[in-house]
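Novice: Here are the chains, one letter per residue:
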Amino acid sequence: MAEMDGKLISIFKESTTSSELHEAMRDIVKLAGVLKDMSDEDYFQSPVKLLKVLRVLNILQEDALGLSKLEMENDKALYYRYRNIYGEDEEMTFDDVKHLIYVLGKYNWIMKTPSGIKMRSLGKRLLDLLIRLANDSLAYYLHDDITRSLFQAKRDAELSEAYDDKGISGGNKLASMIRNVEEAVHLLKDRELEYLANRHALTQVQLINSLMEDLEVKMSERIRAFETFEDSLALANLFQQGIYTISEGIKISLGTINKIVKFTNLQHTEQSNSIRPELIRTYIIKTFNNPYDEDPDPHQILSFMEQDQYQDEAMDGIWMPVKFAAPLTAEDILGGIDYIENYEPAVNEIVEMPFVEYQEPDELSDEEIAAKMEETQWKMTKENIPTEHIERYLATAGGQAQLDDLLIEVGEGKWGDVLQSLLGVAAMVSNQRAEFDKEIKRSTKLENDKDWEWMEDDPHGRKAVRTRKPKS
Amino acid sequence: MEEKQFEQENQKVNPLAALALLPSFLSKEEELTFMNILFSSSARVRRDNFGLSRKEVEKQLGIEKNEKEFHLFISRVNQAISRYFQLIYDENRDQVVVLMRVNARGARGVLPKEAMAILMYIFYEQEVLQHPYTLFSQMLEAFGHESFQANRKLQSNIDILMKIGALEPFSSNSTEEAYRLTAIGKHMFSDSFLRRFTEFTQSTQLNMEDVLKFYKRYNLEGRLDYDSLET
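Residue numbers (our numbering), protein chains in the order written: chain A, 70 to 541; chain B, 386 to 616.
Please keep in mind that the hints were generated in silico from the structure rather than gathered at the bench. Misleading hints may appear alongside valid ones.
BS3-like mimics (lysine-lysine), calculated; alpha carbons at most 25 Å apart, straight line [said to hold, decoys possible]:
1) B:LYS548 to B:LYS538
2) A:LYS355 to B:LYS498
3) B:LYS498 to A:LYS258
4) A:LYS105 to A:LYS181
5) A:LYS320 to B:LYS538
6) A:LYS118 to A:LYS145
7) A:LYS167 to A:LYS105
8) B:LYS538 to A:LYS258
9) A:LYS258 to A:LYS235
10) A:LYS320 to B:LYS498
11) A:LYS331 to B:LYS450
12) A:LYS258 to A:LYS287
13) A:LYS82 to A:LYS145
14) A:LYS355 to B:LYS571
15) B:LYS538 to B:LYS571
16) B:LYS413 to B:LYS498
17) A:LYS82 to A:LYS235
18) A:LYS223 to A:LYS99
19) A:LYS99 to A:LYS175
20) B:LYS453 to B:LYS440
21) B:LYS453 to B:LYS498
22) A:LYS193 to A:LYS175
23) A:LYS193 to A:LYS105
24) A:LYS355 to B:LYS538
Under 7 Å between C-beta atoms, here's a sample of chain B residues computed to sit facing chain A [unchecked claim]:
25) LEU446
26) GLY447
27) GLN471
28) SER577
29) GLN590
Backbone N, C-alpha and C define an ideal beta-carbon position, used for all residues, glycine too.
Please put together the full structure from these sequences, using the hints given.
Specialist: The structure is reproduced here in C-alpha cells:
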C-alpha cells in the first residue's frame, strides 16, 4: 500500500468514513473494554495482580500459537495450567479465571467452543501490544533519569526504523527523539556537578557518553532517511536543533569524563612545591567561558571538593559574610503582644486639627536699635583699648576727677601708662561714656614724682572728667 | 591545626556547639560585642556598611585605642569558633566583620561561577601580584573575548561581589573604572579551595603550606598563627 500513494499509513490521514478506520478504532474499544475491567483500585494498589492477568493471557496465547501440547478444553484447564506453572495463588482463583474468560469472550478476544478455548487474531494482536507496552515500560524504568531519556530517544529512532520505513506511521518519532535528547542533555547539565561530587560516577558518565554517541549515529541516519521525504522542509529546523543538541550532549558528557579523569590523575601526581603564577591567570580565563574541556570551573572544583579527599575539604567551601536575623528582645515581644491585644482600630475618619501658634514679633524702636548698635561698638572699642581702670578710678573718685589727677593716679607717674590712660579717656569721651567739664577743686594734692610734665600753660590738664550715662 | 583538631573532637555532636563554648573563652563584654558584630555583619541590615567599626567595638569592650587588646579580642574569638566563623578586621574600611564557613556543596549556590572566577582573578592580581587595584577594562579583555554582551555580564557579576562586600570601587584620579579587594574578599576563598584550584592550574598535587605561602596567607590578622604553632 505504501508504494501505491507514496504516503505513510496514518489514522490521521484517513477519511472518517472509511470502514477500515472504523474497524481499527473498534479494536481499541475492545482493548479498552478488557482494560476497564482491570482499572479499579485493587489493581492500582497491587499492580502485581495485573501481571497475573497478563500471565493468564500469555498462557492462552502460547496455546493459540500451538506451543502447548495439550488442547485447552475449558476454563478449568486454563486454571490448572496456571497453577502448574506459577503455583497456588490466592489472587488468581478459579473464579477469577472464570471471570476473566467471560470478559475476554465479551470483547471478542477469545472464542469459546465446546471443544476448547481459542484465542482469536484480535486477541493475539492486542495481547502482543500489551506485552510490548509492559516490556517497554520495564526497560524505561530500569534506567536512571538521564539514561532514561536517552533510552527513549534511542527507542524512538528504532521505532521510526520499524514503522516509518515500512510505510506505517509510527507517530512523530523523529521530533520525539530530538525532544528526548534535549531533555537528557538538559538533565545532564543540571547533574554534572553531582556527578563530579560522586567518587564512583565515572562509569555512569561513560555509559551516558556511549549512549549519546550511539544516538548521534542513529539520529543522523534517521535524519538522512527523512531528508528525501516531502515533509522534510518543515522539519529542517528541528533537524538542525537535534544535531546541535546531540553534539552539545556529547561535548558535555565527554567534558565531564575528562574532568573526572583529570581529577583522578591529579591524585597520582607527585607533590610539587613550585607554583607557576602565569598558569593561574590563564586557567581562570580559560574556564570562564568554556564548559566542555577538561578543566573544571570554580563550581566544579567545589563539587570535587565534596568528595572530601583531603581531610575536611568538603566543609571548607567558602567564607561568606553572615546574615543573621535581628534578635528579638523580651521587650520587643511584650510590646508586640501589647499591640495585638490592645490595638484599637480607627473607626472614624481621621480629622486633622491644624494647630497654629502665634508669636508676638520682637519690636525695637529706632532709638533702641541705635543704643544697641552703640553698645556693641563700645564693646568692640573696649576690646582694643583698656578702659576698666579708668572707670574704676572714676567710680572711687565719686564720678568725676581732674584729668591730670586721674592720669597721674592711674598711671603711677609712668609716661607710657599715662599715654595709654589718655587714650582710654579719649575713647570713653568719644563713645559718650565720659565728658570733659570745667576745672573742679582738687581733691588731693598733686604728687610731683612723675617723669613727665604738662606743656607750659597747657589748659587741658586742668579739665575735669566726669562719667556720663550713655543716652538711651 | 592543633586547635582545629581539638575543636573537632569537641563538636562532633553539633557544629554550632562552638558558639556554646564562647563564654569559656570570652568575658561577658567580649561575648556581647561578638554577638553584636555577628548581627551587624548582615548585609541586609545595613546596606553597604557591614559589621561594626573598630571604635564601636572598642567602646563595647571598654578599651580605648589599645592595639594589643583589640587584636587579642579578635584572635581569642577566632580560636573559639575558627571552625565555623571567622572574625576579621578591615583596616581600610574600618569594619569588624564575621564570616561564616559554607561547605563545598552549599558554596556552589552562593555565587555564580562567573562571579567566583572574577573574584579569583582579582584575588590573584591583588594578593599574589600585589597590584593595588584591577581595572574593569583589563577584566573585560580577559573574560569578554568569547561571549556576547560581555560587558553586562561582567558588570552584573561585579555587582554581586560588591553587594556582599568583597569588592569596592577603587577611587583614583583617573576616569578608569577600577576595583579593589576588601578584607572580606581577601578571606572568602577557603584554604582548601585555593589548594584544589591551584592543583588544577598546575596539574600537580601541592602542599597546603606552599599554597598558602603563595597566596600570602601567613599571619593574617585574626587567623591561626601558623608560625607560632610550629615553634
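Novice: With reference to the structure, classify each hint as holding or not holding.
Specialist: Now for the hints, and whether the structure bears them out:
For the hint pairing LYS548 (chain B) with LYS538 (chain B), the CA-to-CA distance comes to about 16 Å; that is within 25 Å, so the pair holds. Only pairs whose Cα atoms come within 25 Å are accepted, and LYS355 (chain A) paired with LYS498 (chain B) is accepted, the gap being roughly 13 Å. For the proposed pair LYS498 (chain B) and LYS258 (chain A), the alpha carbon gap of about 14 Å is at most 25 Å, so the pair holds. Using a Cα cut-off of 25 Å, the hinted pair LYS105 (chain A) and LYS181 (chain A) holds, with the two alpha carbons roughly 21 Å apart.
Distance check on the hinted pair: LYS320 (chain A) and LYS538 (chain B) sit about 24 Å apart at the alpha-carbon level, within 25 Å; holds. Under the criterion of a C-alpha separation no larger than 25 Å, the hint pairing LYS118 (chain A) with LYS145 (chain A) is consistent with the structure, at around 20 Å. Of the supplied pair hints, the one linking LYS167 (chain A) and LYS105 (chain A) holds, its CA atoms being roughly 17 Å apart against a limit of 25 Å. Distance restraint check for LYS538 (chain B) and LYS258 (chain A): the Cα-Cα separation of roughly 21 Å lies within the 25 Å cut-off, and the hinted pair is therefore satisfied.
Our distance criterion of 25 Å between C-alpha atoms is broken by LYS258 (chain A) and LYS235 (chain A), whose separation comes to about 36 Å. Our distance criterion of 25 Å between C-alpha atoms is met by LYS320 (chain A) and LYS498 (chain B), whose separation comes to about 19 Å. A C-alpha spacing of about 52 Å is found between LYS331 (chain A) and LYS450 (chain B), which places the hinted pair above 25 Å, so the restraint is violated. Distance check on the hinted pair: LYS258 (chain A) and LYS287 (chain A) sit about 22 Å apart at the alpha-carbon level, within 25 Å; holds.
With a C-alpha separation of about 46 Å, the suggested pair LYS82 (chain A) and LYS145 (chain A) falls outside the 25 Å cut-off, and the hint is violated. Restraint check for LYS355 (chain A) and LYS571 (chain B): satisfied, since their Cα atoms lie roughly 23 Å apart, inside the 25 Å limit. For the hint pairing LYS538 (chain B) with LYS571 (chain B), the CA-to-CA distance comes to about 23 Å; that is within 25 Å, so the pair holds. Straight-line distance between C-alpha atoms of LYS413 (chain B) and LYS498 (chain B) comes to about 41 Å, which puts the hinted pair past the 25 Å bound.
Between the alpha carbons of LYS82 (chain A) and LYS235 (chain A) the distance comes to roughly 17 Å, so the proposed pair stays at or under 25 Å and holds. A threshold of 25 Å between alpha carbons decides the hint, and for LYS223 (chain A) with LYS99 (chain A) the separation of about 31 Å lies outside it, so the pair is violated. Pair hint LYS99 (chain A) plus LYS175 (chain A) holds up; C-alpha atoms about 9 Å apart against a cutoff of 25 Å. Of the pairs offered as hints, the one joining LYS453 (chain B) and LYS440 (chain B) holds, with about 14 Å between alpha carbons and a cut-off of 25 Å not exceeded.
A threshold of 25 Å between alpha carbons decides the hint, and for LYS453 (chain B) with LYS498 (chain B) the separation of about 39 Å lies outside it, so the pair is violated. Note on LYS193 (chain A) and LYS175 (chain A): the hinted pairing holds, with a Cα-Cα distance of about 15 Å set against a maximum of 25 Å. Restraint check for LYS193 (chain A) and LYS105 (chain A): the C-alpha separation of about 18 Å stays at or below 25 Å, so the hint holds. Distance check on the hinted pair: LYS355 (chain A) and LYS538 (chain B) sit about 16 Å apart at the alpha-carbon level, within 25 Å; holds.
The closest approach between the C-beta of LEU446 (chain B) and any C-beta of chain A is roughly 19 Å, which is over the 7 Å cut-off, so the hint fails. Interface restraint check: GLY447 (chain B) against chain A, minimum CB-CB distance 21 Å, threshold 7 Å, status violated. Taking 7 Å as the C-beta contact cut-off toward chain A, the hint placing GLN471 (chain B) at the interface holds, the least distance being around 6 Å. For SER577 (chain B), the interface hint holds, the least distance from its beta-carbon to any beta-carbon of chain A being 4 Å, beneath 7 Å.
Of the supplied interface hints, the one on GLN590 (chain B) holds, with its beta-carbon coming within about 5 Å of a beta-carbon of chain A, less than 7 Å.
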